[in-house]
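S.K.: Sequence:
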Amino acid sequence: MIDARRTVDEDEVARFSRMSSQWWDARGPMSQLHKFNPVRLGYIRDRAAEHFGRDAKPLDSLNGLRILDIGCGGGILSEPLARLGAAVVGADPSQSNIAVAQHHAAQAGLEIDYRNTTAEALAEAGESFDVVLAMEVVEHVADVGLFVDLAASMVKPGGLLFVATINRTMKSFALAIVGAEYVLRWLPRGTHQWDKFVAPNELEIAIERTGLRIIDETGVIYNLLADRWQLSTDMDVNYMVVAEKAA
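In my numbering, the protein residues as written are 184 to 430.
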């Protein structure tokens with residue numbers, strides 16, 4: 184029997200495609216993602232360096248690692264990963280997002296393998312990676328369980344899966360939707376749907392069902408006084424999880 188389930192939510196793809204020209208505008212609709220980028224990049228770099236037994240300080244600390252950035256958008260995470268030496272594949276179901284990412288990487292002189300494709304297609308092609316990233320993606324997919332299955336299947340033995348998303352709590356409704364979209368207007372209205380947020384225990388169950396083992400998790404909070412995002416033990420709103428596949 185053919186599995187008719189799919190991970191792509193066409194409404195979500197259309198929403199982000201409409202904003203594709205503004206991915207690299209640090210003062211535009213993606214401004215908070217630009218501010219969020221340093222903390223998630225640092226977390227990925229440090230956890231990957233620790234896991235693969237290397238020093239996180241050198242500018243090429245990810246050299247030799249093949250990394251998949253699922254839902255890469257305009258490439259604002261793919262590019263710094265490539266600068267750290269990783270061989271990056273950036274995948275996104277939006278053709279306009281990929282076009283923006285390719286153009287910006289070319290201007291920056293970076294070699295990044297951007298593909299207008301889906302997690303399903305990559306997994307079916309037998310692709311495998313040292314690190315698979317699903318950063319701010321699972322709250323936008325049509326089937327979280329299937330998406331996690333596909334992402335996990337592409338992690339090489341001994342490799343890592345990183346997931347960053349938003350918890351489904353009243354606090355996240357107040358801060359990530361009412362506050363961010365309606366009061367502060369950090370994000371366009373409708374960017375997130377609260378019922379699609381994923382609680383940590385739900386994500387953990389989905390990951391562990393694939394056979395991967397969760398090795399670290401952290402909350403991420405916005406420090407208003409410092410005007411920056413930082414790691415925290417508070418996982419009520421934004422959080423990140425990393426899991427490993429047995430060697």
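To be clear, the hints were calculated from the coordinates, so they are not data collected in a lab.
Hints may contain errors.
Under the rule of at most 20 Å between Cα atoms (straight-line distance), these lysine to aspartate or glutamate pairs were calculated in the DMTMM-like manner [stated by the list, open to error]:
| id | residue 1 | residue 2 |
| --- | --- | --- |
| 1 | K379 | D243 |
| 2 | K379 | D229 |
| 3 | K354 | D417 |
| 4 | K339 | D419 |
Quick list of the computed label-pair ranges, beta carbon to beta carbon [unchecked claim]:
| id | residue 1 | residue 2 | range |
| --- | --- | --- | --- |
| 5 | L414 | R237 | 16 to 26 Å |
| 6 | A304 | R368 | 19 to 29 Å |
| 7 | S214 | A282 | 15 to 25 Å |
| 8 | D243 | D296 | 29 to 39 Å |
| 9 | V361 | K218 | 34 to 44 Å |
| 10 | G373 | A430 | 19 to 29 Å |
| 11 | D417 | D229 | 39 to 49 Å |
| 12 | D296 | V361 | 15 to 25 Å |
| 13 | R368 | R411 | 13 to 23 Å |
All residues carry an ideal CB built from backbone N, CA and C; glycine is no exception.
S.K.: All hints are to be evaluated individually against the structure, with a verdict given for each.
M.R.: Cross-check of the supplied hints:
Restraint check for K379 and D243: the C-alpha separation of about 36 Å exceeds 20 Å, so the hint is violated. Note on K379 and D229: the hinted pairing is violated, with a Cα-Cα distance of about 29 Å set against a maximum of 20 Å. With a C-alpha separation of about 11 Å, the suggested pair K354 and D417 falls inside the 20 Å cut-off, and the hint holds. Only pairs whose Cα atoms come within 20 Å are accepted, and K339 paired with D419 is rejected, the gap being roughly 31 Å.
Checked against the hint of 16 to 26 Å, the pair L414 and R237 passes, with Cβ atoms roughly 21 Å apart. Range check, A304 to R368: Cβ separation about 36 Å, and the 19 to 29 Å hint is violated. Checked against the hint of 15 to 25 Å, the pair S214 and A282 passes, with Cβ atoms roughly 21 Å apart. For the hinted restraint 29 to 39 Å between D243 and D296, the CB-CB distance of approximately 18 Å leaves it violated.
Between V361 and K218 the C-beta distance comes to about 19 Å, which lies outside the given range of 34 to 44 Å. Distance hint for G373 and A430: a CB-CB separation of about 43 Å, inconsistent with the stated range 19 to 29 Å. Range check, D417 to D229: Cβ separation about 19 Å, and the 39 to 49 Å hint is violated. The hinted window of 15 to 25 Å between D296 and V361 is violated, with their beta carbons roughly 39 Å apart.
For the pair R368 and R411, the supplied restraint of 13 to 23 Å holds, since their beta-carbon distance comes to about 19 Å.
When held up to the earlier numbered hints, the structure conflicts with 1, 2, 4, 6, 8, 9, 10, 11, 12 and fits the remainder.
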